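Top to bottom, those sequences are chains A and B.
Using this note's numbering, the letters of the first sequence correspond one by one to residues 1 to 497.
Using this note's numbering, the letters of the second sequence correspond one by one to residues 498 to 800.
It should be emphasised that the hints constitute simulated quantities derived from the structure, not laboratory data.
Quick caveat, the model's predicted, so the values are computed rather than measured.
Backbone N, C-alpha and C define an ideal beta-carbon position, used for all residues, glycine too.
Take every hint as true, because none was put in to throw you off.
Label-pair restraints from in silico Cβ distances:
(1) B:E578 x A:P443: 53 to 63 Å
(2) B:R612 x A:L321: 35 to 45 Å
(3) A:F22 x B:E578: 32 to 42 Å
(4) A:I325 x B:D507: 47 to 57 Å
(5) A:L350 x B:A558: 51 to 61 Å
(6) B:E578 x A:N405: 37 to 47 Å
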Amino acid sequence: MRNTLLIARQEFIKYVTRRGFFISILMFPIWIIIVLMVPRWTSAAPQRTFTIVDRAGGYRAAIVESLARENAERDLAALASYAASNADASGLERAQQPLARWFENPQAPHAVAAFQKSGGRDAALSAMRPFLKPAARPFHPPAPRFVYVEPPPELLSSPSDRFANSARYALDSGRYFAVILIPPDFGQEGHATVQYYARDLSDSDLLDFATGALDSALHRNVLKRYAPQLVDSDALEATTTVNTFNPTKANSQSSRDDSLVKIVPIALAIILFIVSVMNASVLLQGVVEEKSNRMIEVLLSCATPRQITSGKMVGVIAVALLTIIIWSLALFGLMALADARTVTLVFDALGSVATFDTLPLLLLYFFCGLLIYGSVFLAIGSMANSLADAQSLLGPSMLILMLPNLLISGIMRDPNGEMASLVSWIPFYTPFFMMLRIASHPPALQIWGTTALALGTTAFLIWWTGRVFANHVLTTERPPSLTGLVRRALALDRRKI
Amino acid sequence: MTDPVLELRDVTKRFGDFTAVDKLSFTLARGRILGFLGPNGAGKTTTLRMLLGILQPDSGAIAILGHDIADVRPRIGYLPEERGFYKRMRADAAIAYIATLKGMKRAAAFASARRLLKEFGLEPFARVRIEGLSKGMAQKVQLLAAVAHDPEFVILDEPFSGLDPVNQAELEIFIRKLAEAGKTILFSTHTMQHAERLCDGIVVLTKGQKLFDGTLDAARALFPRRARVGADADLSFLRQVPGVQQLSMPSAGQPLWILDMAEGVDGRAVLAACFEKGVPLTHFDISPPSLHDIFVSLVEAAA
Numbered sequence: 001m002r003n004t005l006l007i008a009r010q011e012f013i014k015y016v017t018r019r020g021f022f023i024s025i026l027m028f029p030i031w032i033i034i035v036l037m038v039p040r041w042t043s044a045a046p047q048r049t050f051t052i053v054d055r056a057g058g059y060r061a062a063i064v065e066s067l068a069r070e071n072a073e074r075d076l077a078a079l080a081s082y083a084a085s086n087a088d089a090s091g092l093e094r095a096q097q098p099l100a101r102w103f104e105n106p107q108a109p110h111a112v113a114a115f116q117k118s119g120g121r122d123a124a125l126s127a128m129r130p131f132l133k134p135a136a137r138p139f140h141p142p143a144p145r146f147v148y149v150e151p152p153p154e155l156l157s158s159p160s161d162r163f164a165n166s167a168r169y170a171l172d173s174g175r176y177f178a179v180i181l182i183p184p185d186f187g188q189e190g191h192a193t194v195q196y197y198a199r200d201l202s203d204s205d206l207l208d209f210a211t212g213a214l215d216s217a218l219h220r221n222v223l224k225r226y227a228p229q230l231v232d233s234d235a236l237e238a239t240t241t242v243n244t245f246n247p248t249k250a251n252s253q254s255s256r257d258d259s260l261v262k263i264v265p266i267a268l269a270i271i272l273f274i275v276s277v278m279n280a281s282v283l284l285q286g287v288v289e290e291k292s293n294r295m296i297e298v299l300l301s302c303a304t305p306r307q308i309t310s311g312k313m314v315g316v317i318a319v320a321l322l323t324i325i326i327w328s329l330a331l332f333g334l335m336a337l338a339d340a341r342t343v344t345l346v347f348d349a350l351g352s353v354a355t356f357d358t359l360p361l362l363l364l365y366f367f368c369g370l371l372i373y374g375s376v377f378l379a380i381g382s383m384a385n386s387l388a389d390a391q392s393l394l395g396p397s398m399l400i401l402m403l404p405n406l407l408i409s410g411i412m413r414d415p416n417g418e419m420a421s422l423v424s425w426i427p428f429y430t431p432f433f434m435m436l437r438i439a440s441h442p443p444a445l446q447i448w449g450t451t452a453l454a455l456g457t458t459a460f461l462i463w464w465t466g467r468v469f470a471n472h473v474l475t476t477e478r479p480p481s482l483t484g485l486v487r488r489a490l491a492l493d494r495r496k497i
Numbered sequence: 498m499t500d501p502v503l504e505l506r507d508v509t510k511r512f513g514d515f516t517a518v519d520k521l522s523f524t525l526a527r528g529r530i531l532g533f534l535g536p537n538g539a540g541k542t543t544t545l546r547m548l549l550g551i552l553q554p555d556s557g558a559i560a561i562l563g564h565d566i567a568d569v570r571p572r573i574g575y576l577p578e579e580r581g582f583y584k585r586m587r588a589d590a591a592i593a594y595i596a597t598l599k600g601m602k603r604a605a606a607f608a609s610a611r612r613l614l615k616e617f618g619l620e621p622f623a624r625v626r627i628e629g630l631s632k633g634m635a636q637k638v639q640l641l642a643a644v645a646h647d648p649e650f651v652i653l654d655e656p657f658s659g660l661d662p663v664n665q666a667e668l669e670i671f672i673r674k675l676a677e678a679g680k681t682i683l684f685s686t687h688t689m690q691h692a693e694r695l696c697d698g699i700v701v702l703t704k705g706q707k708l709f710d711g712t713l714d715a716a717r718a719l720f721p722r723r724a725r726v727g728a729d730a731d732l733s734f735l736r737q738v739p740g741v742q743q744l745s746m747p748s749a750g751q752p753l754w755i756l757d758m759a760e761g762v763d764g765r766a767v768l769a770a771c772f773e774k775g776v777p778l779t780h781f782d783i784s785p786p787s788l789h790d791i792f793v794s795l796v797e798a799a800a
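Please build the complete structure, drawing on both the sequences and the hints.
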């Protein structure tokens, strides 16, 4: 045991003092920033300016009204996010109850409508001002996605048969992204066709928005014709509110715990994959290096192969844990800088899995997964004589290792379905898949069965790695073929390991 | 008589169809220095790896300090033939690491490492990484790592290889000091001069089989003394001199006539024969066979 811990300590120091370790530690926060920022940059769509020539009458106003509603919805969402980080929530809740309610669900149509009626962004900001924290940042309203401008006279007067030419000139001027022509018969006797002119028809955001606004206007016109008394009724603004319940819980009304509880296991499964690939491949390289500089022979004169392999495993697990701790701290730091609410969310997520029936299993699967992957990489390292040899074995191993990633979305859609239940019994992947599923309460038989399988697989692979290590670590012959590998793994060996 | 530090009985090791070590038996008494000699591929390193428990014999038995290797590992020091250490480790930490694996406490291991480094003039390099040391220094560090835990039995596999003459001489002194301190030493080599100067006994191995096991004197007794004669004339007539068993003519790189003498015969008859023929000699010496000669003769005879 003492030698195992001494080797583990040495392995730990060896890996964490490498340049590669520092680079990987630094790369993760950079990677996270890129992952977070790139979608923001890519989703920050340019503002689209458009104009409408409405020859049917009334539809231009309907689109402009929809546009105002969309801008109000975006304002309300931005204000809700701003208030969460910069305002005293309890004070706001007490003094500005309607505003606080709207902030809870800023996408709800009734909240947006009430927000507009109450004066919109400026009125809400005034109401919030007394409750802003002293260090509150200034509010930056979101830029509207679409901007409507009045059509130029030449477009308004353009005859229908020459409108395409006029639209082209308007687009050439660079003032408009799109021009919409609503013909005189639009909305009459089943005619519902408009003309949309744009240089870039692949960008369909504005087209989708205009189509939606016109659909609503058409429906309202039909109502106006057949049930005019309903047109201005509040009943038309009614939206569905869904109360969700989970009868398996003591407090049957579900909270966000239900979704949060899945975040940590998924994150752990992905982290397991990343740290396994990162640290286990370092383990492999370490063994190849020790073989090539004959350090392994010195170690074997001091400790048994079993002590050496165990020490290496413990060392790499310690490195993995340190990596996870540093990454977590970096992640928390980044989240705190970006939005304090996300830190609360993460703590809620951690709290939601810190239960007696989830956390121990989650940790067990995690360590089993790390040991399984580590064992395989260590065995590969024992059989390879050079990094080139190791690479030739590492390639197929990586493909096998990456396979479960392809099934993540399928398993998350139906965590207790046939496929999820089946693949959870593949020994090499059991920890990974069960981590994904554990929050979805798989049947008890599957939990206990796969736990036993994961433990058994781990124990077998550690034992097998000790054997492979003992038999191959001092040889300089070519790595065995797959059949040779299996034959040797199963062959009786009197070697004391 | 005390129990031997090392005892091998009919030890055999095969790799597939190839027999690397074949029924090898010998013993090594406490406090002795044993030279383990043999040409390349003789089975020396395989035997040493079996002594250390790195390889298991297919048959036969090995007892070290009266026990199985697993029980006495901390009492053994080992220097492998091919040297290597963690390149980024500092010299004192590298020595201390091996010593702690051999059972020493960390503080004591570091103290021992620093003491040995000082003794070998490497104190200024104690905190230098192995990759920053010269090849000779790194080899010394590895040797010190083999003995820092004060082992009773030291196994050195080709300890002189790669060292310059000055370092070889230093190493010889160090091995003698270890022996004087009561350590038992087994070292393999194919440089006979070192073995000749250091060893109390030798074991000669070729193709996995033992050719000789005994003291140097016993080895010398197996072969005739040799006279080496230098002259510008043809000395073939010396073949007729009583006591001369064999005569070898000078050859490229070897300008002297070599005479194998029968046991108990000295060189006077040879000198007298040369005097009678009026041959002026440029060189004459007679001495027991060198270990090099013994080794070559044994290996050639086995081939």
